[in-house]
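Asks: Following the hints, position chain B against chain A.
This is what each chain is made of:
Protein chains: 2
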Amino acid sequence: MKAVIITIGNEILKGRTVNTNFSDIGKILTYSGYDVIKGIIVPDNLEQIAGAFKEASSIADLIVSSGGLGPTYDDMTLKGFSLAFNLKMERNDNAMNMVLKKVHTLTPEREKMGMIPENSIPIENKAGTAPGIYENISGKVFIILPGVPREVEAIMKEVEQRIRIKDFHYVDRSIDLHDAKESLLAPLIAKLMKEYGDRAYIKTHPKLDNGKPWVEVEVSASGTDPDEVENFVSRILEIIEKEADKSNYE
Amino acid sequence: MKAVIITIGNEILKGRTVNTNFSDIGKILTYSGYDVIKGIIVPDNLEQIAGAFKEASSIADLIVSSGGLGPTYDDMTLKGFSLAFNLKMERNDNAMNMVLKKVHTLTPEREKMGMIPENSIPIENKAGTAPGIYENISGKVFIILPGVPREVEAIMKEVEQRIRIKDFHYVDRSIDLHDAKESLLAPLIAKLMKEYGDRAYIKTHPKLDNGKPWVEVEVSASGTDPDEVENFVSRILEIIEKEADKSNYE
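Top line first, the protein sequences correspond to chains A and B. By full-length UniProt numbering, the letter at position 157 of the first sequence is numbered 157, and the numbering carries on one by one without gaps. By full-length UniProt numbering, the letter at position 7 of the second sequence is numbered 7, and the numbering carries on one by one without gaps.
With the rest of the complex left out, here is chain A:
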């Protein structure tokens, strides 16, 4: 199953905010059984938000967005989403109750957070006011989250079980090769990918400590039996550890 992550917000494009929501969501989707095939980052702009949702839904089964659900003038994610799929925005009692649990007085800006696209389901936001949104359009699932990281985390916890692919186990382990150089390891990694690449993914991450280069080698794979996947990944890591020693380090 394929997933696309959308991040909405000028502050991300301007580099004012580091996009930790993206990695938090990416990790959850990967461990839940999805192949995250693209990330799209757009500004607080109605047409661009609508365009991102349309593009994502044309290539993925699951689309998760974060940002733009708040009370201010530039929070327009739900409007953009509705524009993309020609949906009406409706006052939703469940959503409004979720908002009212958090605030004492209802202003127009707060009422806005209780207006959601038709047929969508509000998801409780235990860490903030604006509910998350779950919607299924012709078999494509959309999860729409606010931009505050702790709220993303809280809402993802609520929906994780709903999107999890059954009997899927993803394992990602790594080994630190001190004194190794990425370019000298490359032939070994290429050889192992030829042998195990139909199932495993091996990637080298070059590092530097006090001017001394070293390499972290990551091996990941997935399967239905957790022990079997774990053993498979461990076996490849053992080969790397043994064979890397023989590589001609400069």
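If you're looking for bench data, these hints aren't it; they were derived computationally from the structure. Hints may contain errors.
Reference excerpt, derived from the structure (chain A facing chain B, CB under 7 Å, subset only) [unchecked claim]:
no. : residue
1   : ASN19
2   : GLY26
3   : LEU106
4   : ASP179
5   : GLU182
6   : ALA190
7   : THR204
No residue lacks a Cβ here, since even glycine has one placed at the ideal position from N, Cα and C.
Replies: Just chain B, lined up with the frame of chain A:
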């Protein structure tokens, strides 16, 4: 002038690595005078890399990518870039000399880093081995960087002056409003955006400290005269500070 940032790498999509390159590049482009209109994140996949470059060049004047310039099998950014614009890959003497400055022996994987797309210019990488790439195709400028953050920083330093838009000054200041609530500030922000929105951009960032919510209000603008822009932004911040006091905090 419009810019698009492309990030290449499975580790970003899987959430294994937080995309700090994106914010580092976004900040430099914003302060250099560009409007970053989109971010595209793709895996280590030839067609998807080519697609990202094509998409970016159809909407932006400047395209900056990071990731996939190294020596391993899955470093294929230059191949994807060449595929997108039908360019030949050529051995480039300057690029090869830059690589040879860093390594003692030349393996096939290292030679790969001296092969670059036709008509492109290698940019010195003072923090690593793979040179960055600068290429102008029909007036669109492409800057292609490795994925290691310190190398991104080093190469961007080399090209910053070349891409900087003359007489452009971007100012971004903020004020912390303790005891404020984003939804209650919203009408004031909307009012100010009506008055100053043709030039200024105002955004609220809700925060939480020990369970106590507060709001950071960001004001940014740009212009040719640095003092004038600074004064303009300060004036709006002063209004916010004064008027926010009057907002009916719950």
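Asks: Determine for every hint whether it applies to the structure shown.
Replies: Now for the hints, and whether the structure bears them out:
Below 7 Å, beta-carbon pairs count as interface contacts, and A/ASN19 has one with chain B at about 5 Å; its hint therefore holds. The interface hint given for A/GLY26 holds, since its Cβ lies 3 Å from the closest Cβ of chain B, which is under the 7 Å cut-off. Evaluation of the A/LEU106 hint against chain B yields a violated restraint, the C-beta minimum of about 10 Å exceeding 7 Å. Given the 7 Å rule on beta carbons, the hint for A/ASP179 is violated: about 15 Å separates it from the nearest Cβ of chain B.
Given hint, A/GLU182 at the interface with chain B, holds; its Cβ is 6 Å from that chain's nearest Cβ, closer than 7 Å. Interface hint at A/ALA190: satisfied, since its Cβ lies 5 Å from the closest Cβ of chain B, which is below the 7 Å cut-off. Because the smallest distance between the Cβ of A/THR204 and any Cβ of chain B comes to about 6 Å, under 7 Å, the interface hint for this residue holds.
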